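J.: Residue-level listing of the chains:
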Amino acid sequence: MATLQLNNIVKDFGGTQVIKGVDLEVKDREFVVFVGPSGCGKSTLMRMIAGLESTTSGEIAIDGERINEVGPADRGLAMVFQSYALYPHMSVEDNMGFSLRLAKVPKAERREKVLAAARILQLEPLLDRKPRALSGGQRQRVAIGRAIVRNPSIFLFDEPLSNLDAALRVQMRIELARLHEELDATMIYVTHDQIEAMTMADKIVVLQDGLVEQIGSPMALYHHPCNRFVAGFIGSPKMNFLDVEVREASNEGVNVALPGGDCRVPVDGSGVSAGDTLTLGIRPEHLKLDDEGPLTGKIVVIERLGGVTSLYLEHGDSEWILVADGDVAHRVHDQVRFSFDPTCGHLFKGDGEALNHLHRHPLVDIDRKQNRVSSASDDQ
Amino acid sequence: MIRPHFPTCFLQWGTPMRERTSGRTVGGFRNLFLQGPAVTLLLLWMLVPLGMTLWFSFQRYNLINPMISGFAGWDNYTYLLTDPALWTAMGNTLLLVGWVLAISVIGGTLLAVLFQQEFFGRGIARLLVIAPFFVMPTVGALVWKNMLMHPVNGVFAWLSNLLGLPVIDWFSSMPLTSIIIIVSWQWMPFALLILLTAIQSLDDDQVEAARMDGAGPLAIFWFITLPHLKRAISVVIMIEMIFLLTIFAEIFVTTSGGPGLASTNLAYFIYIRALLDFDVGGASAGGVIAIILANIVAIFLIRTVAKNLET
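As they're listed, the protein sequences go chains A and B. Take the first sequence: its letter number 73 is residue 73 in the numbering used here, and every next letter is one higher. Take the second sequence: its letter number 48 is residue 48 in the numbering used here, and every next letter is one higher.
Since the hints were made in silico from the structure, they are not lab data. Misleading hints may appear alongside valid ones.
As the list claims (entries may be wrong) - Straight-line distance between alpha carbons at most 20 Å, and here's what the computed PhoX-like set of lysine-lysine pairs gives:
1) A/Lys130 - A/Lys203
2) A/Lys203 - B/Lys230
3) B/Lys145 - A/Lys130
4) A/Lys27 - A/Lys107
5) A/Lys288 - A/Lys298
6) A/Lys369 - A/Lys27
Since we're looking at a predicted model, the values are computed, not measured.
Pulled out of the complex, with its shape left as it was, chain A reads as follows (with noise of 0.2 Å):
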């Protein structure tokens, strides 16, 4: 229903520059999801957007629109709050109209749209009770209730899962994306959970001290990281990294040396020189014990999850994550040698930024709505 601009803004709390220039285009109907440690200025370029921030300098349009200097009623946007911000004397339904209560629509209108709000999110039961009487994910419900009501171009969430239980959350997530569905809005959502980011997103913007770090869809952001705090940011555990000399470098490879002997990394080499020094990236996920492994490391500590185990490597000054399936039967001390595919590899320059794989991972330009079944095809 609507795009969404941000061209170079900034934001400047007495001093100190929060957002340093964003720029950032939403494309109609998108689910662009907010990602960056606390701290990394999300929220408060989502609440710039909302309105409830100025913004310094730069132009925030909806729909080519210049809105900078239009209140935050009206933009034309709804928001969700993590506290949820529900009014407690009102009851469901009096939170749920009460934008409309203020721009003087007749009550019978007002009811029928909160109806309407409450049949799509399975509130109709709660509409007499007040906010104290619900639980957690009702609350939820309730505050995107409330969003849906006003009808806006753009939804907002902040954090709006943080504070429901993990089992809720993986709900509330799915309920979300049936949602985008089914109301077809745009929507932007601050998170600092990245399974949330990685489930949800069309396109994720990972942002660090105000900046924007890279702009793509969850699997580009996995597969190709423009830089190395994007490739420690995204997955879990944590990507590891080993300081590594190039041997040789060209536009079709570049062969690093590793303690267990060479391995070529598949990336545009263009630029680097042998004897430079790099930073080898690998998943932990990519890494696999291998008793005819490169590298070799003692388990400090283990972590079981069942289906898969965590082993904590330690060589010399370096630290390894390594996942492996849930029938690993090592034991702490254990000296473990281990392997990956170079193709998983990724190399970054002195200066973080990474290095072009040659190909492009197959899945970096799926279509979210590919990863499940739509409500369109539920009819066939």
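Position chain B against the provided structure of chain A, taking the given hints into account.
T.: Chain B only, in chain A's frame:
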């Protein structure tokens, strides 16, 4: 662990002792011993004066003439209840309490919203606005009487002269109003203090959600702030009412209840009976009536407040 059984068995005669699931006994001698002194002291503190007042109210007892004595029956009460002065005093009490409550609660709420805003020197301004509450009632009333409302030397008189308006002799032309102003000045800071702390606990997210919903400052005050303050306001009303029913010092220092009975409330009326007319019996009967009145008010208040605190 096995608890020693002896003490509980020993205490089991008489009423059986209840036991909580935690194994702690409820009631019994041990608790009685611990609570006893405090309860006894409180009972004495309350019952002795109450009993004496009740006793005196049925006695002929005048300090001027010791010859008048003996049991009076209901005479003190009938004399008092047929005295129009009592009804004037009651009316004044109601007016005083009602107006001061209205002024201090409404003013306190508005001031609380004002002092919640960010402005330069807010800390000092808050301190100053709360200050009147810490001034002794007599001192405060004297300041108002001699420095503000005095028809010759007062600031108000000076202001009126400056504007060419007639000077108001506050305490003779509008005595009850003057006292209402003074008492409001003293109690508004109390309401402000309680309501300011209550307003600070208002969730910022709620205000922002209301802003997103299209609420302007007035709508936020009416739909968000005021409902949030409901509980605090009822507490302020209850506490203030208890103290306002017994206002005395301000009247004593300024108007002495006059002119006539124009600014006499129930407390001052009892004082007149007891220590100006020396009629201890009549004053005691007045005291008993005041106690009954206060309790009626208290029952209603506590009910409404309890209902408020529940929801």
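J.: A separate judgement is required for each hint: does it hold in the structure or not?
T.: Consistency of the hints with the structure:
no.: 1; hint: A/Lys130 - A/Lys203; result: violated, 36 Å
no.: 2; hint: A/Lys203 - B/Lys230; result: violated, 45 Å
no.: 3; hint: B/Lys145 - A/Lys130; result: violated, 51 Å
no.: 4; hint: A/Lys27 - A/Lys107; result: violated, 35 Å
no.: 5; hint: A/Lys288 - A/Lys298; result: holds, 14 Å
no.: 6; hint: A/Lys369 - A/Lys27; result: holds, 15 Å
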